[in-house]
Amino acid sequence: MIAVLTALASLCGVLVAGPVSVAEDRTYGRTGDDFLPRTLPTGVDPARPLSVDSPLLRTSPARTAQLAPMGAEWRAAPVRVPYKTPPEPPAAHRPATEPKTERPRTDQPKPQQPKVQQLPGNKPKAPKPKADRPVADTSTVDGTKAGGAQRKIFQGWAFDRCQAPSVSTMRAWLASPYRGVGVYFGGRGRHCKNQKHLNKSWLRATKQMGWNVLPIYVGSQSPCVIANIKRKFTIGGNAWAQGRQEARDAVNQARRLGMAPGSALYLDMEAYRLGQRRCARTTLAFMRSWNREVRQRNYVPGFYSSANSGVRHMERARKAGERDLPEVMWFARWNVPPSLYGEKWLDRRAWHPNRRIHQYAGDVTERHGGRRLAIDRNRVDAPVAIIR
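208 is the number that my numbering gives to position 196 of the sequence shown; each next residue is one higher, with no gaps.
Don't read these hints as lab results, they were simulated from the structure.
Fair warning: there could be bad hints in the mix.
As the list claims (entries may be wrong) - Here are the in silico distance ranges between beta carbons for each label pair: (1) Ser-213 with Arg-289: 43 to 49 Å; (2) Gln-220 with Arg-293: 41 to 47 Å; (3) Arg-289 with Val-179: 43 to 49 Å; (4) Trp-346 with Arg-290: 25 to 31 Å; (5) Glu-334 with Lys-208: 38 to 44 Å; (6) Val-179 with Ala-253: 36 to 42 Å; (7) Arg-267 with Lys-205: 33 to 39 Å; (8) Arg-268 with Gln-288: 34 to 40 Å; (9) Asn-211 with Arg-361: 38 to 44 Å; (10) Arg-290 with Ser-180: 46 to 52 Å; (11) Pro-349 with Thr-377: 16 to 22 Å; (12) Asn-264 with Gln-162: 18 to 24 Å.
Don't be surprised by glycine CBs; every beta carbon is placed ideally from N, CA and C.
With the hints as extra help, turn the sequences into a complete structure.
Printed below as a string of structure tokens:
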């Protein structure tokens, strides 16, 4: 019997003092079996771990023997488990980096209530302006000169369309936020060549109502123009001579319509494949010649094109130091907020001030004063036509 009891006591000692798992080490607060009591007192459940501050741990013989040389004050200190930084998670489980947010543009004006011009017998009801089309606009005469002639600067909102509206429609649209209108007055590449209403009397009537006119000339197009309908109007073999000839035609037609020197004339060059270098050189030669001739005849050469092709091309030419570039940049980038200085392909310091137009929406239909029109929308800070 004594031998059996002795064997059982030895077995209990092995179980208590045996290896301890990592989880058990953290539960007791120390590592190693030397800090565990060799025998369990009465009333202690072996399945329930002891707390760090348990007097049983502090008074265990093994622990007292270990800490005796260190002094009584160290033996009374609480046991602290060092914190271990958890390992990095696998790359597949790491959170993705948040995308960078674009800085908000600050050059967009705040929406304002439109001021409607009241005419005798016609009191249109002013519509609520849309958030991207406030009404604030001005029309002033710039002190700078183009070949000795003063410029008329318009700042506000304009629309353009292929066919110039009638005088009655222009009067009805005084209820709109717009005070500028783009008209296609000439050029062999013009789509609406038969302008039913555009003549000298139309320009004078719209001027008296308070409208500002943006004359657009659609001449020869780039040899690598994208639109199939424009390929029959591409630039010929002598780009420089052809540009000079069409510039003279643009000035002559503007004079016949009553546009005085100092008026801005905008050359319309539809989108083309800028990556084709030979085509780009031909297109640039034509535009430089057109600009030089228009400027020499005391008019302001402007340029309209897609932001990704013609406008980007002009910015490259400006950085390269090319001469005879357009004085005003009218860039088309649709389905974006109207912004004169937010275009990524134009340096903010270039074509400034009063030398930019942004066509920010196209092929939209609006109704004002009881008249419905399909138009393109523009924000303007640029010279316009001077009507005699």
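Results for each hint:
1. Taking 43 to 49 Å as the suggested C-beta distance range, the pair Ser-213 and Arg-289 conforms, at roughly 47 Å.
2. Between Gln-220 and Arg-293 the Cβ separation comes to about 45 Å, which falls inside the hinted range of 41 to 47 Å.
3. For the pair Arg-289 and Val-179, the beta carbons lie near 47 Å from each other, so the given range of 43 to 49 Å is met.
4. Take Trp-346 and Arg-290: their Cβ atoms lie about 29 Å apart, and the range 25 to 31 Å holds.
5. A C-beta distance of roughly 39 Å is found between Glu-334 and Lys-208, which places it inside the suggested range of 38 to 44 Å.
6. In this structure the supplied range 36 to 42 Å holds for Val-179 paired with Ala-253, their Cβ-Cβ distance being about 39 Å.
7. With their beta carbons about 19 Å apart, Arg-267 and Lys-205 fall outside the hinted range of 33 to 39 Å.
8. Look at Arg-268 against Gln-288: about 36 Å separates their beta carbons, and that is inside 34 to 40 Å.
9. Here the CB-CB span from Asn-211 to Arg-361 is close to 40 Å, well matched to the stated 38 to 44 Å.
10. Against the hinted window of 46 to 52 Å, the Cβ-Cβ separation of Arg-290 and Ser-180 comes to about 49 Å, which satisfies the hint.
11. At roughly 20 Å, the beta-carbon separation of Pro-349 and Thr-377 lies within the given 16 to 22 Å, and the hint holds.
12. In this structure the supplied range 18 to 24 Å holds for Asn-264 paired with Gln-162, their Cβ-Cβ distance being about 21 Å.
In summary, the one numbered hint that this structure violates is 7.
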